[in-house]
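Residue numbers (numbering that gives the first Met the number 0), protein chains in the order written: chain V, 0 to 402; chain C, 0 to 287; chain H, 0 to 327.
In short, the hints are calculated from the structure, not lab data.
Treat each hint with caution, since some may be false.
[Unchecked claim] Label pairs and their calculated CB-CB ranges:
| no. | chain 1 | residue 1 | chain 2 | residue 2 | range |
| --- | --- | --- | --- | --- | --- |
| 1 | H | L188 | V | Q107 | 27 to 37 Å |
| 2 | V | K178 | C | I139 | 32 to 42 Å |
| 3 | C | L281 | H | N83 | 40 to 50 Å |
| 4 | V | Q107 | H | P163 | 18 to 28 Å |
| 5 | V | Q107 | C | L59 | 51 to 61 Å |
| 6 | V | E392 | C | E257 | 32 to 42 Å |
| 7 | C | R86 | H | L108 | 30 to 40 Å |
| 8 | C | T254 | H | N83 | 31 to 41 Å |
Heads up, the beta-carbon is just placed ideally off N, CA and C, and yes, glycines get one too.
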Amino acid sequence: MGSEMINRRSTLKSLALGAVSLLAIAASGMSSAQAENKELKIGFVGVTSGPAAAWGTSNVRSMQTRADWLNEMGGVKIGDDTYNIEIVTFDDQKDPKRAIAGMEKMAQEGIHYVVGPNVDDGAAAVRPVAESKGIIYFPYAFPKALYTPPASNAVLGMVANYQSGPAIYKYLKENKGVKKVAFIAANESDPLSQRDSGVAAAKELGLEVVAEKDTYQNDTRDFTPVLTPIVQLKPDLLVLSGVAPANAPLLIRAARELGYEGLISAETAQDATVLQEGAGELANGFISVGGASTPEIRTPVMEEFIKRYTDKFGEYNDESNTKVYALEYIIETLKANPKAIDDVEEFKKTAETFSAPNPFAKDKTLKYVGTSSFGQKRQLSVPMVVTEFKDGEFKTLFVGEVD
Amino acid sequence: MEQVIANGLYLGAQYALIALGLTLIFALMNVLNFAHGQMYVLGGFVTYTIYGQLKLPFVLALICSGVTLAIVGALMEKFLFRTVIRRSKREESTMLLAAATAFFLDAIMLLLFGEKQRGVPKIISGVFVSDRVILPYDRIVVGVVAILMIAAFMLFMQYSKPGRAMRALAQDRVAAQLMGVKVERYSMIGFALGAMLAGVVGGLLVSITGVNSGIGGPISIKAFLMVMIGGAGVVGGAIAGGFILGMMESVGLATLREYGDITYLVIFALLMIFLSIRPHGLMGKPWG
Amino acid sequence: MRKSRTATLRIVSAILFLLALLVAVPLLISATGRSDLYYTLTSVALLSIISAGVWITFYIGRINIGQGAYALMGGYVSAILVMNYGVSFWLTLPLAGLFCAAASVLIGLPILRLRGVYFAMVTLVLTEVARLLALALPITNGASGIVSIPLPTGISLFGLTLVPGFATVANPRLAFYIVAVLLMALCFLGLYRLAHSRIGQLCQSLQQNEELASSIGVNIAYLRVIAYALSSFLGGVGGAMFASISQSIYPSSFTVADSVNFMLNCFLGGLGYVLGPMLGTFVLYFGWDLLFQTGEFQLLIFSTLLIVLMLVLPNGLLSLALPRKRSL
Chain V
0 MGSEMINRRS TLKSLALGAV SLLAIAASGM SSAQAENKEL KIGFVGVTSG PAAAWGTSNV
60 RSMQTRADWL NEMGGVKIGD DTYNIEIVTF DDQKDPKRAI AGMEKMAQEG IHYVVGPNVD
120 DGAAAVRPVA ESKGIIYFPY AFPKALYTPP ASNAVLGMVA NYQSGPAIYK YLKENKGVKK
180 VAFIAANESD PLSQRDSGVA AAKELGLEVV AEKDTYQNDT RDFTPVLTPI VQLKPDLLVL
240 SGVAPANAPL LIRAARELGY EGLISAETAQ DATVLQEGAG ELANGFISVG GASTPEIRTP
300 VMEEFIKRYT DKFGEYNDES NTKVYALEYI IETLKANPKA IDDVEEFKKT AETFSAPNPF
360 AKDKTLKYVG TSSFGQKRQL SVPMVVTEFK DGEFKTLFVG EVD
Chain C
0 MEQVIANGLY LGAQYALIAL GLTLIFALMN VLNFAHGQMY VLGGFVTYTI YGQLKLPFVL
60 ALICSGVTLA IVGALMEKFL FRTVIRRSKR EESTMLLAAA TAFFLDAIML LLFGEKQRGV
120 PKIISGVFVS DRVILPYDRI VVGVVAILMI AAFMLFMQYS KPGRAMRALA QDRVAAQLMG
180 VKVERYSMIG FALGAMLAGV VGGLLVSITG VNSGIGGPIS IKAFLMVMIG GAGVVGGAIA
240 GGFILGMMES VGLATLREYG DITYLVIFAL LMIFLSIRPH GLMGKPWG
Chain H
0 MRKSRTATLR IVSAILFLLA LLVAVPLLIS ATGRSDLYYT LTSVALLSII SAGVWITFYI
60 GRINIGQGAY ALMGGYVSAI LVMNYGVSFW LTLPLAGLFC AAASVLIGLP ILRLRGVYFA
120 MVTLVLTEVA RLLALALPIT NGASGIVSIP LPTGISLFGL TLVPGFATVA NPRLAFYIVA
180 VLLMALCFLG LYRLAHSRIG QLCQSLQQNE ELASSIGVNI AYLRVIAYAL SSFLGGVGGA
240 MFASISQSIY PSSFTVADSV NFMLNCFLGG LGYVLGPMLG TFVLYFGWDL LFQTGEFQLL
300 IFSTLLIVLM LVLPNGLLSL ALPRKRSL
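Take the sequences, apply the hints, and build the full model.
This is the structure we're talking about:
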């Protein structure tokens with residue numbers, strides 16, 4: 000009995016050793032690069048595991064899809080050299096301490112352009128590294144301090160809710176007669192901050208805010224209890240501040256089943272399939288800042304991107320409509336000023352004047368914006384497409400732009 | 000107010016069912032199963048695949064969820080927990096193992112089912128509306144099924160042979176062994192049964208709340224809370240804990256909303272005060 | 000005679016280890032150019048200090064999954080003192096620890112009566128309570144966190160600079176690394192002394208049988224609170240350091256996942272060994288980083304290895320090197 004146990008134990012040990020060495024071999028095998036072109040590494044630091052995995056995954060997958068596509072077409076010509084794009088990813092597990100390690104790793108790899116992090120605390124934590132190591136990073140987090148001077152290395156990757164919120168409320172006030180608004184948010188940093196700026200915007204427009212303090216735990220599965228008192232207030236508009244794509248259908252369904260008849264809106268990008276599966280026809284009429292693309296404004300390039308993404312990963316994610324942009328901006332800006340490839344000060348200079356046609360949306364241009372919100376151009380201009388959900392698809396309500 | 004109570008009862012029924020499996024495993028093996036939430040999620044995904052994707056009947060999907068998880072649970076007990084319990088000098092090692100198992104299941108599910116929230120078509124549409132209470136029919140069905148399952152489980156534990164053997168095991172492992180109970184066999188059956196319960200609730204609730212691969216950890220923690228309130232390792236305690244937590248959430252969210260996000264703070268603080276007064280929950284036994 | 004020789008050997012190897020960390024590692028890093036390692040090693044050092052706190056609670060027979068709460072608290076105490084009151088960071092470091100220790104006495108008095116899974120689960124809840132408090136209290140700046148915390152300033156005595164201001168040094172990462180390593184050395188030295196002192200032996204008796212210990216006249220309530228306060232002190236210090244490195248702190252800076260990790264670190268290294276938390280943290284942290292290469296399979300391989308480790312070495316990694324030396 001005893002010797003048998005020892006035997007089994009040593010077998011297990013050697014198994015473990017074998018697994019580790021296999022890993023090492025696999026890892027070293029992966030790094031063999033293509034010969035002709037130079038390599039341009041673009042980083043990603045964000046969350047690709049755990050409950051918020053969807054946020055970072057849609058970033059990574061858009062980047063990989065676009066990079067593969069560009070490489071397949073022979074690479075990207077920047078200055079006199081042609082580069083293949085390599086995406087280096089780091090999962091920070093939504094932990095700001097890990098995010099710093101990720102940014103350090105990017106610096107170590109000689110990377111100057113990093114997409115992410117996905118949340119407020121991570122974006123704030125990586126700032127010292129990015130600024131000392133000369134990295135421009137593209138967070139999907141809204142705190143203004145990240146983009147306002149003296150901060151200068153962060154570029155907001157999407158439309159912030161304090162930019163889209165007022166536009167949506169104004170539209171709904173004028174076109175749908177909205178007077179009373181209720182807000183609800185998860186009790187976490189990002190959603191709460193977004194709720195506060197949403198409430199301020201609504202009040203500024205002269206709307207009556209009937210609920211501004213209701214919160215839920217982000218891991219709530221049943222939203223009936225939290226929505227019951229709000230529905231009884233009979234608001235005309237229920238704003239789901241900073242709602243995670245996973246929670247949106249559950250909130251919508253719970254509100255509708257409680258007999259809520261007003262409008263529901265969100266200022267974060269949502270996914271059509273998730274809404275359709277989770278709330279079905281109850282989600283009809285749901286208004287959100289659709290990820291920067293709807294069939295009406297799509298170019299053939301965008302259509303092909305979606306097709307390639309779907310072929311590669313099995314299923315498209317509508318959040319990628321926005322997230323496709325960061326990599327494109329990086330590459331196009333580098334094309335416009337090849338010196339920026341390893342000097343982010345050059346990038347900052349170019350950002351002031353940069354302009355290129357938008358390959359993904361009809362009649363739009365790629366340019367850096369944000370002057371009115373941050374006092375400097377530290378935001379990607381992506382179309383602000385306000386959409387209405389109808390039978391499994393987002394329909395364009397109106398298209399706006401941030402300056 | 001009636002609505003708030005109805006919400007609380009419905010929440011309580013589903014919570015109680017989640018807590019049952021956890022407390023059963025704890026009672027039998029003194030293992031705090033960190034992977035309970037992941038098992039719940041796995042059950043949800045099985046139902047999602049069979050009912051949502053393959054369009055087969057919901058009941059069949061539920062059965063498949065239960066069977067899959069029972070097998071997973073039995074294998075986990077036989078190959079993982081039994082070994083570690085036998086070899087480790089400290090019982091707490093099983094907690095690490097359970098946590099590692101939780102990570103493992105998380106990883107598998109992320110790879111197999113992706114990171115998105117998934118949902119299935121409603122099992123019954125329509126909403127019951129009266130002047131005071133509004134309840135969708137599918138919630139009523141799920142609530143009733145949950146209560147029926149709790150009752151069936153209690154009857155099973157009370158009167159069936161395996162049920163009695165497991166209760167004996169939970170009371171005193173050594174004595175049970177001396178009395179001729181096959182400890183290993185019933186530990187495995189108990190673990191499988193606990194896992195099966197998690198899987199069936201997961202499957203059942205997919206029809207209401209959908210499922211997503213990252214929700215396992217939070218579900219486990221919620222289940223720990225209920226078990227703590229009621230008392231670890233006691234079936235009645237888990238049920239009481241589930242209903243109490245459900246009611247507290249429902250009432251708290253309705254009455255404390257003026258003060259911002261303090262409902263859960265209040266619940267947690269109350270829980271800590273309660274436990275320092277009653278260190279073993281409502282009806283827990285003084286061990287562990 | 001032999002006993003004193005092993006003691007000398009231990010002191011010598013400890014000093015060598017410290018020298019290696021303070022001299023050889025920076026040399027190696029500058030030779031290979033892997034300067035990102037400074038932060039990862041700093042992280043490991045600080046996380047192992049925080050985990051050492053958890054180890055102390057294991058030492059009195061309690062499973063502590065609430066260390067994240069104290070790390071968060073320590074981070075906030077330091078950040079608030081630096082930002083609102085202009086206190087020097089170096090002063091806030093012990094203050095953060097002391098604040099956490101004091102808080103833990105208040106919290107510990109009732110909850111330390113709980114045992115086993117009850118204590119484990121209450122501490123788990125404690126982490127969440129800390130996060131919700133950080134969101135709700137006005138002084139923590141709620142959801143927006145505290146950002147742009149200045150780097151530690153210098154310390155000078157009679158015009159003599161003892162520690163340069165971190166904003167002025169060429170490589171603040173190296174400075175943080177050295178501070179973290181020194182703190183870690185202090186922490187584990189203290190831990191070693193504690194484990195081999197009379198109090199340590201008494202604690203061990205608590206771990207085995209509280210009733211028995213109490214019946215032979217050990218004041219167990221007092222011992223437990225002291226141990227828990229020490230544990231939280233370490234959590235607070237570690238948290239304060241992290242707030243300073245990231246120059247920001249948010250309610251989500253330390254979460255339940257962190258609390259669970261601190262506990263795993265202790266388990267993995269081995270609960271019976273003083274150096275357990277250090278080794279456990281090192282292996283878990285770098286294990287994860289190494290698996291970075293495997294992309295989407297990272298978590299799968301990581302968790303599989305963890306399970307295999309548990310099956311092969313259920314008493315921690317150090318049981319491999321020091322078999323049956325000090326069985327608990």
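We went through each hint and held it up to the structure:
1. Separated by about 32 Å at the C-beta atoms, L188(H) and Q107(V) satisfy the suggested range of 27 to 37 Å.
2. For the pair K178(V) and I139(C), the beta carbons lie near 35 Å from each other, so the given range of 32 to 42 Å is met.
3. Taking 40 to 50 Å as the suggested C-beta distance range, the pair L281(C) and N83(H) conforms, at roughly 43 Å.
4. For Q107(V) and P163(H), the hinted distance range of 18 to 28 Å is satisfied, since their beta carbons lie about 25 Å from each other.
5. For Q107(V) paired with L59(C), a C-beta distance near 53 Å keeps the hint of 51 to 61 Å intact.
6. Distance hint check for E392(V) and E257(C): the Cβ-Cβ separation is about 39 Å, which falls inside the suggested range of 32 to 42 Å.
7. A C-beta distance of roughly 37 Å is found between R86(C) and L108(H), which places it inside the suggested range of 30 to 40 Å.
8. The hinted window of 31 to 41 Å between T254(C) and N83(H) holds, with their beta carbons roughly 34 Å apart.
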